[in-house]
Amino acid sequence: MAETKTHGHHRFILPLLAIVALILIFIFKPYAVIYGIQRGSLYALIAMPLALTLGIVGILNLAHGDFLTLGAYIAYWIFNSTGLDPLLSIFIVAPLLFAVGAGLYKITVSKVLKAPLLNQLLLTFGIAMILEEAINLIWTSRPRNVYVDYASASASIGGFRFGTYEFSYLLAAVGVLVLLRLFLKRTRLGKAAFAVGQNPRGAKIVGINVEMIYLLIFSISVGIVGIAAGLVLPRMSIFPLFGSPFTLKSFCLAAMAGLGNLTGILWSGLVLGIGEALVQSFEGYSGWSDIVFFGVLIAVITIRSYRGSYV
Amino acid sequence: MKNETPILTVEKLVKRFGGLVAVDNLSFTVQQGEILGVIGPNGAGKTTLANVVSGLYPPSEGRIFFRGKDVTELDAHQRCRLGISRTFQLMRPIRDFTVLENVMVSALFGKELDLKSAQNRAREVCEFVGLKRLKIPIESATVLELKKMEIARALASGPQLVFLDEVMAGLNVDETSEMIETVKRINASGITVIVIEHVMSVIKELTHRVIVLDRGRIIAEGSYEEVSRQPEVISAYLGEEE
Amino acid sequence: MKKLGILLILAAVVLGFLFPLYTGPYPLHVMTTVLTYMALGLSWDMMLRTGQLSFGTAGFFGLGSYAALLTTLYLGLNPLASIFVGGIFSAIVAFGLGYAILRLREIYFAITTLALAGVFTVVARNLHDFTGGPEGKILPSAIFNGDPTKVYWLTFLIALGTILVSEIFQRTRIRFAITAIRNDEITAKSSGVDIFKYLLFVFVITSAIQGVVGGAYAQQYGFVSPESAFSTNFLLLPIAMCLAGGIYSTLGPVIGSVILGVLSEYLKLRFPYGHLIVYGVIIVAIVLFMPHGILGILKKMVQKARTGVGGNGNEK
Numbered sequence: 046m047a048e049t050k051t052h053g054h055h056r057f058i059l060p061l062l063a064i065v066a067l068i069l070i071f072i073f074k075p076y077a078v079i080y081g082i083q084r085g086s087l088y089a090l091i092a093m094p095l096a097l098t099l100g101i102v103g104i105l106n107l108a109h110g111d112f113l114t115l116g117a118y119i120a121y122w123i124f125n126s127t128g129l130d131p132l133l134s135i136f137i138v139a140p141l142l143f144a145v146g147a148g149l150y151k152i153t154v155s156k157v158l159k160a161p162l163l164n165q166l167l168l169t170f171g172i173a174m175i176l177e178e179a180i181n182l183i184w185t186s187r188p189r190n191v192y193v194d195y196a197s198a199s200a201s202i203g204g205f206r207f208g209t210y211e212f213s214y215l216l217a218a219v220g221v222l223v224l225l226r227l228f229l230k231r232t233r234l235g236k237a238a239f240a241v242g243q244n245p246r247g248a249k250i251v252g253i254n255v256e257m258i259y260l261l262i263f264s265i266s267v268g269i270v271g272i273a274a275g276l277v278l279p280r281m282s283i284f285p286l287f288g289s290p291f292t293l294k295s296f297c298l299a300a301m302a303g304l305g306n307l308t309g310i311l312w313s314g315l316v317l318g319i320g321e322a323l324v325q326s327f328e329g330y331s332g333w334s335d336i337v338f339f340g341v342l343i344a345v346i347t348i349r350s351y352r353g354s355y356v
Numbered sequence: 052m053k054n055e056t057p058i059l060t061v062e063k064l065v066k067r068f069g070g071l072v073a074v075d076n077l078s079f080t081v082q083q084g085e086i087l088g089v090i091g092p093n094g095a096g097k098t099t100l101a102n103v104v105s106g107l108y109p110p111s112e113g114r115i116f117f118r119g120k121d122v123t124e125l126d127a128h129q130r131c132r133l134g135i136s137r138t139f140q141l142m143r144p145i146r147d148f149t150v151l152e153n154v155m156v157s158a159l160f161g162k163e164l165d166l167k168s169a170q171n172r173a174r175e176v177c178e179f180v181g182l183k184r185l186k187i188p189i190e191s192a193t194v195l196e197l198k199k200m201e202i203a204r205a206l207a208s209g210p211q212l213v214f215l216d217e218v219m220a221g222l223n224v225d226e227t228s229e230m231i232e233t234v235k236r237i238n239a240s241g242i243t244v245i246v247i248e249h250v251m252s253v254i255k256e257l258t259h260r261v262i263v264l265d266r267g268r269i270i271a272e273g274s275y276e277e278v279s280r281q282p283e284v285i286s287a288y289l290g291e292e293e
Numbered sequence: 002m003k004k005l006g007i008l009l010i011l012a013a014v015v016l017g018f019l020f021p022l023y024t025g026p027y028p029l030h031v032m033t034t035v036l037t038y039m040a041l042g043l044s045w046d047m048m049l050r051t052g053q054l055s056f057g058t059a060g061f062f063g064l065g066s067y068a069a070l071l072t073t074l075y076l077g078l079n080p081l082a083s084i085f086v087g088g089i090f091s092a093i094v095a096f097g098l099g100y101a102i103l104r105l106r107e108i109y110f111a112i113t114t115l116a117l118a119g120v121f122t123v124v125a126r127n128l129h130d131f132t133g134g135p136e137g138k139i140l141p142s143a144i145f146n147g148d149p150t151k152v153y154w155l156t157f158l159i160a161l162g163t164i165l166v167s168e169i170f171q172r173t174r175i176r177f178a179i180t181a182i183r184n185d186e187i188t189a190k191s192s193g194v195d196i197f198k199y200l201l202f203v204f205v206i207t208s209a210i211q212g213v214v215g216g217a218y219a220q221q222y223g224f225v226s227p228e229s230a231f232s233t234n235f236l237l238l239p240i241a242m243c244l245a246g247g248i249y250s251t252l253g254p255v256i257g258s259v260i261l262g263v264l265s266e267y268l269k270l271r272f273p274y275g276h277l278i279v280y281g282v283i284i285v286a287i288v289l290f291m292p293h294g295i296l297g298i299l300k301k302m303v304q305k306a307r308t309g310v311g312g313n314g315n316e317k
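Here the protein sequences come in this chain order: X, H and Y. The first sequence begins at 46 in my numbering and counts up by one. The second sequence begins at 52 in my numbering and counts up by one. The third sequence begins at 2 in my numbering and counts up by one.
Zero decoy hints are in this set.
Calculated pairs, EDC-like style, for lysine to aspartate or glutamate (alpha carbon to alpha carbon, straight line, at most 20 Å): (1) Lys198/Y with Glu163/H; (2) Lys301/Y with Asp147/H; (3) Lys183/H with Asp225/H; (4) Lys198/Y with Asp165/H; (5) Lys235/H with Glu178/H; (6) Lys63/H with Glu272/H; (7) Lys300/Y with Asp147/H; (8) Lys63/H with Asp121/H; (9) Lys159/X with Asp147/H; (10) Lys198/Y with Glu124/H; (11) Lys301/Y with Glu190/H; (12) Lys159/X with Glu190/H; (13) Lys167/H with Glu168/Y; (14) Lys159/X with Asp185/Y; (15) Lys305/Y with Glu190/H; (16) Lys300/Y with Glu190/H; (17) Lys198/Y with Asp126/H; (18) Lys159/X with Glu107/Y; (19) Lys255/H with Asp225/H.
If the Cβ cut is set under 8 Å, some of the chain Y residues that face chain H in the computed set are: (20) Arg174; (21) Ile187; (22) Lys190; (23) Ser192; (24) Gly193; (25) Val194.
Simulated restraints, written as ranges between beta carbons of each label pair: (26) Leu69/X with Tyr75/Y: 36 to 44 Å; (27) Ile298/Y with Arg146/H: 13 to 21 Å; (28) Ser186/X with Ala13/Y: 38 to 46 Å; (29) Lys156/X with Asp148/Y: 46 to 54 Å.
These aren't lab readings, by the way, just hints derived from the structure by calculation. By construction, the Cβ of each residue, glycine as well, lies at the ideal position given by its N, Cα and C atoms.
So here's chain X without its partners, still in its complex pose (with noise of 0.2 Å):
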């Protein structure tokens, strides 16, 4: 399952490398690298929950990026029905979220883990299919906001003004990795979930319920983009699809930092964010950034193809 690379003897090349890198962007772009480090840390919080299925109960959940929208708008519809303030109604909705990822496991994953992939990717798609249908019912295609003082609360360094209510998602990311890395190595819980998702069968034989453990981290995976969720509420404008980018571009995090490798995912999603900013700051071709991530896929999986894979 886990297939990390260690760079070895380039352990030092790549990160002066990056570093010098950043300080040159800096200095031309800067907007680039502040908005990219606070949208990669939103891209890698929203992965590692993807991550963490994926590598420990092993489907991969295309309905994924559905759910933030599934949360945003339940923390819209909190905020409008009882003025709560979108952080604070966090507390409401991923736990909510959590309940609905475990109702939906019970009663729709885990019948398909046994199955064919192909039924897996099906299952999680229709679900996806049905989430963004059911919310542009509810609520229509017409995007909704929530305006609260503090998300527009900003920042300047010499001269130029930032947003810094975005910076909530670092916070949030780093607070993730780090809850999520005690987690697996720390507690009883966590190492048998970790165990899990090296060895089913060997964790089974030793007694773990396994069954439990893809129960609890399927929704834990699910409330965590309940997190999310809330905090992106303030900032931007929800509508029903705005969640579902979001899928593919946690997967082309897990994939590039492999399977397991959760801190990887914070650093793929910092240098992908600071490159989909960088685009986005030329004139003209912004409407191009959103292919970044999808580029970066392909080159991942073309030399992941002529490198590991002997198919």
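On the provided structure of chain X, position chains H and Y as indicated by the hints.
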């Protein structure tokens, strides 16, 4: 019917999986027409050797020559077409096909025949190995039938060299005798056979020559009588007596 | 028994061909749409038979749409010829893409094809001068001047051609290669099957079909835009139809597209909003409860009737 050039030459073959060295600097040749036995304790690298020579894994180091030609860079399907075949110890039949159709795949793509000829050839090969029920789905086949089908599949592509990977495993006395006869007939038809086995009586009866593997290396080579007496072989097998 | 089958098929073809002569424009339009989705569904199923799940139907469909419309617009190409161009263009893109991504399989392939429509949409939206950007491009006139009968016949022929290709895949050595690859790649390649070659071949052919269907669709409406050409409908519906009818066959997608196509028209009338949810539900329900679709259920019933015991032997 011995040719000058060995049908198979393995030169300094190394296969690593991460930190594990499964095959460690292996060199040997196989003469055309002989039955070579490959024995060794579990984990010695026998199946890995078959996997590398048949093309499923690329070697980490070393070269493989088949009938004088360097095939190291070739894919598994290309080697199959050239004439290297193998059976799988853990059988993986094509479940959506009948027994006959399973064998036809090799005839179609290994021997590159057209549909009609492939079907005929598949029938012949199945008869050769003693398969009677050809039109049944895989679920209905017995273990013995599956084993025979596996051999038939390997033969249908018209190989000159066949790896038989533990085909005797799990067979009773009668079935084992039948299988031994089948292997002899395969060899008699001109095919060089490499037999990977745990069952020593089979090795003793079938093979002209034996190489003994342990931890990826050849520790002995010769006839069965010769190698079975060598102390390295005995100690390698300690606790593994059949 | 076989003769009866051939007779039935001929009857269906003749009836299908004569369809416009005894129905009005509305059923004609519905059937045209059904046939469009039938061809798309069949092409998706053909790729599925290799064991690779592609989510790219909408992508290659849209590519064909754009290629067909733009060559007519800029080069004055005959509309019928432009439809072929649509197919060829999609095939070329599929070839290049397949070379990169077909070496890694399963989820990598699936998710990359899923991204295709989105990527093509971005490209179409950004090449303003060439593709008309977000607004798209319009043709001065639709093919056959919009004559519904001729449009129907065109779509009918395309669907028929697709059925033919699907049957060729089912009856020649291609079936052996594809089924072997789908079941067990290691066995397949150890038996001499050039896996990559066959996967690429099927990928290119099915994408070409999708391009042709897209080209015909664009010519039919005389209009392309990023949202309409690469719409998820062209991905979601064909998949649902194949699942409903029964995958890994020609008959399954045909049945599924007729049933679901007609059903969807009814649903559109009844629930103008949200009928798309039904497709998602259908996909989920079928995957959970009857993964082999209607054909699978029929096969089981036949098996039960034959053996008297619980039948087995469904295709995986």
